Structures are given as C-alpha cells and as structure tokens.
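K.L.:
This is what each chain is made of:
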Amino acid sequence: MPAAFAVASLHKRFRTRFGRTESVALDGVDLEVPRGEAFGLIGPNGAGKTTFIKCLLGISHPDSGRVELLGGRPEDPRSRARVGYLPERLTLPGAWTPRAFLASVTRLKRLRPQRSTLDALLERVGLSDAAERRIRGFSKGMRQRLGLAAALVGAPELLVLDEPTDGVDPLGRVEIRQLLAAELSRGATLFINSHLLSETERICTRIGILSRGRLVRSGPLDVLTAVQQRWRVRFADGQPAPEALIALGFEPGEGGVWEIAAPDAPALNHALDGARAAGGLLVELERASRDLEDVLTEALAAGAA
Amino acid sequence: MTSVAVALDLLREAAARRWFLALGLALTSLLLLLVTSLRLEVVDGALAATRLFGQPLYHNIQAADVALRPVFRVASQIVFWGGLGFGVLSCADFAPALLSPGRIEHLLSLPVRRWELLAGTFLGVLALALGGAIYASAGLVLVLGAKTGVWTAWPVISAVLAAVAFGSVYAGMLAVTVWVRSAALSAAAGASLIVLGLLATHRIPILDLMGQGVGRALFAGVTAVVPPLGKLADAAGALASSGPLAPGGLLRLLAGTIAFAGALLAVAVWRFDRRDF
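In order, the protein sequence lines correspond to chains W and L. The first sequence runs 5 to 309 under this note's numbering. The second sequence runs 18 to 294 under this note's numbering.
I should point out that these hints are in silico values taken from the structure, not numbers from a laboratory. Watch out, some of these pointers could steer you wrong.
Interface residues of chain W toward chain L, partial, derived using beta-carbon atoms under 10 Å [what the hints assert, rightly or not]:
hint	residue
1	S13
2	H15
3	R84
4	E92
5	V109
6	V164
Label pairs and their in silico Cβ distance ranges [claimed, not checked]:
hint	chain 1	residue 1	chain 2	residue 2	range
7	W	Q182	L	A280	51 to 57 Å
8	L	W36	W	P224	37 to 43 Å
9	L	A33	W	D298	48 to 54 Å
10	W	G141	L	N77	56 to 62 Å
11	W	D133	L	A283	29 to 35 Å
12	L	A63	W	Q118	40 to 46 Å
13	W	R114	L	A155	42 to 48 Å
14	W	G141	L	L202	46 to 52 Å
15	L	R68	W	P117	29 to 35 Å
Every beta carbon over 10 Å from chain W, so not counted as near; a handful from chain L, in silico [to be verified]:
hint	residue
16	T19
17	V23
18	A33
19	A80
20	H123
21	A201
22	T240
23	G266
On a predicted model such as this, the values are computed, not experimentally measured, just so you know. We put the CB at the ideal spot given by N, CA and C, even for glycine.
Turn these sequences into a full structure, and let the hints steer you where they fit.
P.N.:
Here it is, written out as structure tokens:
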C-alpha cells in the first residue's frame, strides 16, 4: 500500500537570532504511515510532535531529511490540497460566522463553496444550531469542532489533527471519535497528535512514540501493547484448585484471573488441557496486554537510558 | 486567484472592524452634512453665493469650475495625508493578525503559496485604501457637481494617487511585520516612511545644509529611494484642481513609488518564504 507520508532522517534544530543552537526538536526521525491507517503520535511535552507536523506540512523547514506528502513535496500546493489540518490552537476570525469561515477555507482550497456542503459539514461536527452565530461567542469545544470541520473541507485524503479533542466535553469526544471512524472507513488516513493516551488508544491502530526529537517506538498498537507469550485465563468459579493451576505453570492475577506464559500455541493448549483435566472450565482467554501509558512509560525510560 | 481570495477575506475582516465602520460613518456624515447644509447659487455658470448653515462663505462672483479648484485641492490634501495617517493606524494590525500563531499554521497548511498570502494581504489593504479614497473624493465630486453642475473626474484620479502612495508605505509595514510580528512596530515603520517621504521631498535643500560625512551619505542614500510623498501630494492636489503638471514628472514619480513598493514586497516575500512558523 502506498504511504500517506514518509519522512526520512528528519532533523530540525531551533536557533537563537545569533545562530546558536537552542534546542534539537527533531533528531533523525524516520517514519512511514500507510494510507488508510489511523496513526497516533504520542510523547511528552516538548518531544517535537508539533514540530514534526509542521515539517510534514511545509509550515516549518527541516534542516535536513526528506519529507514526502501524499507522493509529493509538502511545499507543493497540490499535495496540501489533499490534506486537512487542525492546529493545536486554531485562531479563528471572531467577527465571522462559522459558515463564512468554512466558505473562506473552501475558497483557499480552490473549491467552490456551496451552502449545502458547508451546512452538512457544520451538522457533522454538531454546530448546525450555531451556523448564524459569530465565532467570538463560541466555547473552546465549539471552536475545536469548527476547526475539525475546516479540516474536513474537500474530503481530504490525509487528516492531520493536533489534539483534536482538546477542550471537548466527554460526549463530544465520542461524537468526534465516531466522525473520525467514518473518515477512516471513507479511506482517509488519520494522523493524530494527542496527549490523551486513552483517546489515541481508541482511535488509532498504529502508534509512534516521540521522545526528545527521536522516534523511540513505532508500530501497530496491538503489537506495542501486547506482552509477548503471556495469556490471561479465567475459569469458572472454584475450579480447578489453585494448587493444581500453579503446578501447571499458571500464576494468580487480580480478580480471579490467571496468567500463563506460553511460547506457542501447542504449549498454551497443553497447559489449558492440563487445567481442564484438573476440572477447570475455561470461560475466558485473552492475550495479556498493557495499556498505552505503560508502553509510553517504558519507551521513555528506555529512551532516557 | 488565491491572492484575490485572501484579499477578499481581509476586506470581510475589515468590515467588522470599528476603525473602518467609523471611517465610513464619518465620511458619509460629512457628505450628508454638505448635501443638507451647503447652499451654492450658480447663475450662468458662475458661483454667485455660497452659504454653509445659512451663513455666507464666499462673496466673489467667479466661474463655478474655477471657484471649486481650491476646494478640490484642499480635499485632495485631506484625502492624501489624512488617508496615509488613518491607513497606517488602522491597517497596522492586518499582517500581524495574519501571522498570529494558530492562524498562520492553518493558512500555510492550505494549498496557498506563501507569496500569495502576502500579495493577498497587500491587495486587500490597497483595495481598502483605494475604496476609502475614492468614496470620499467621488462623494465630494457628486455633491458639488449636483449643486454647481461642474462635473470633473480629476479629484477621483487624484485620490488614486493617494492610494498608490499608501501602497508604498504599507509595503514597508508588511516587510517589517514579516521580520517582527508587531502591530506597533508596523505602525512605527509606516510613520517613519511618511516622515522619510517628506524629507525625500526636500532632500536637495536639506543636503545643502548638511556637512560632508556618513550622516549625509546615509541621508542621501535613504532619501534617494524613498518615494517623495510631498511631491506626490502636490501632484495629487494639482490633478484634483486641474492645475499644471510637469510633463512626465508624474509618471516618473508613480513609477518610482511603485518600484519602491515592489522592492519592499519582494524582500518581504523572500523573508516569508524562509521563515518557520
């Protein structure tokens, strides 16, 4: 599958006015995101996430490295025409109505604004009732929704969203997740930068962890969060005896769950057969996994070492 | 076309600003005041009497078109210098607002070339200046024309000169903003260019007063490139009052002013293209 974007050996340093290097924002980042994926970039504050997005979209110029955006260069307006971007803190024209703002974005995307299309966009982000109101009276969550609507103008192939649910209430977050899921099923690629790990975990299928300008982990979410060769097992209450399970190699977990290390399927089934022979009735089996916070903590610790 | 879209957005933004609403109201009120309070009695093409709020203003009887010349000259100076001052103050914030964090990133992510953003901002401001100057001068021409039967387009053409002069000043303001995003600095740059433009108008007598040295060389260099705004204002006044103009002089002045604005815009685009946001 062709890549939505690919960056190689991306370096970006920030300098003072006198040319002295102040900080290294990106230190040789390599990353390729396939089309149709939902990719989440996570990392602590100052890790270089926003700088990465700016270099990706041609807003900042990298010191060195290669950036390919939808098969073209980010400086090429034809590439950017196929991208929708929601910045972290979008400044909106307070005196305008949301419809006028979306019409402006549509024109700048070299498309013809049509009232029905603009209204449909406002409806998608839940702002239909505020279509005639001035933006200056909007709450933070409403502004975020409008920013999202602007990113969706022209049904872009790649959506780059910097903290998309920032300031949005829990119910709104659910709506945004549903909207992003619809974009994914349309075939769009999602690139999300968020400090809300639970949000990222729910939306994204692939994750990258950026720390001090370096990509310290990258890959499918289930692979990153999986604990290799460990399984969680639950048996019907009271069966079998704990001693029998311990003898078979099971380790007691929390809430009546047992864990077992099994290098492959035959080993796992051998252990399960033993438990069943001891009178155990299997009711639940799943691969043991960690949440994204554990993965991030481990990756940052490894990166710091 | 994208620059035109950016310019139109700037005009929409301006329409919501108090500065421009106040200017529009002030100009309209002034014109309405003239419509209702100014009485001009024209007999056989001659202005026989002038009354403002019922009080006689002008006693000499002379041809109406001749009598209106000083009026148009003064009006053109008000439009020129008043327009420059108002423009510097009211437009100083446009470019800094365009470059504000959270807005410029969004604009640069759209399929817009960087030079198109600057060109659109410049065009929008120029359209504002042109609109204001033409509205004021055309309004005056209409009011006085309806009252005296003297119709002339020269005051309107002279207003275009004022807009061109402001264009050169605004190009400097835009260039400064691309380096440092500050409305105050942008306004200061505009004010400085107006002062330099006045000094450039009288550069020869000033140079004669200066002794040899770096200061003189610097002054000579700077005032050689800055448009002599005083000469442009004089030319605008002469045009408005159908006065004599040196042949080719106005064209040379205009060409120099436009070249100055173009050079500043080129510097601004060069810097803007290399900047990170």
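K.L.:
It remains to establish, for every hint, whether it holds in the given structure.
P.N.:
Cross-check of the supplied hints:
no. : hint                        : in the structure
1   : S13                         : 18 Å, violated
2   : H15                         : 13 Å, violated
3   : R84                         : 5 Å, holds
4   : E92                         : 8 Å, holds
5   : V109                        : 7 Å, holds
6   : V164                        : 8 Å, holds
7   : W:Q182 / L:A280: 51 to 57 Å : 53 Å, holds
8   : L:W36 / W:P224: 37 to 43 Å  : 55 Å, violated
9   : L:A33 / W:D298: 48 to 54 Å  : 50 Å, holds
10  : W:G141 / L:N77: 56 to 62 Å  : 59 Å, holds
11  : W:D133 / L:A283: 29 to 35 Å : 47 Å, violated
12  : L:A63 / W:Q118: 40 to 46 Å  : 59 Å, violated
13  : W:R114 / L:A155: 42 to 48 Å : 35 Å, violated
14  : W:G141 / L:L202: 46 to 52 Å : 31 Å, violated
15  : L:R68 / W:P117: 29 to 35 Å  : 53 Å, violated
16  : T19                         : 7 Å, violated
17  : V23                         : 7 Å, violated
18  : A33                         : 3 Å, violated
19  : A80                         : 49 Å, holds
20  : H123                        : 5 Å, violated
21  : A201                        : 19 Å, holds
22  : T240                        : 29 Å, holds
23  : G266                        : 42 Å, holds
Hint compliance for this structure: hints 1, 2, 8, 11, 12, 13, 14, 15, 16, 17, 18, 20 are not met, and every other hint is.
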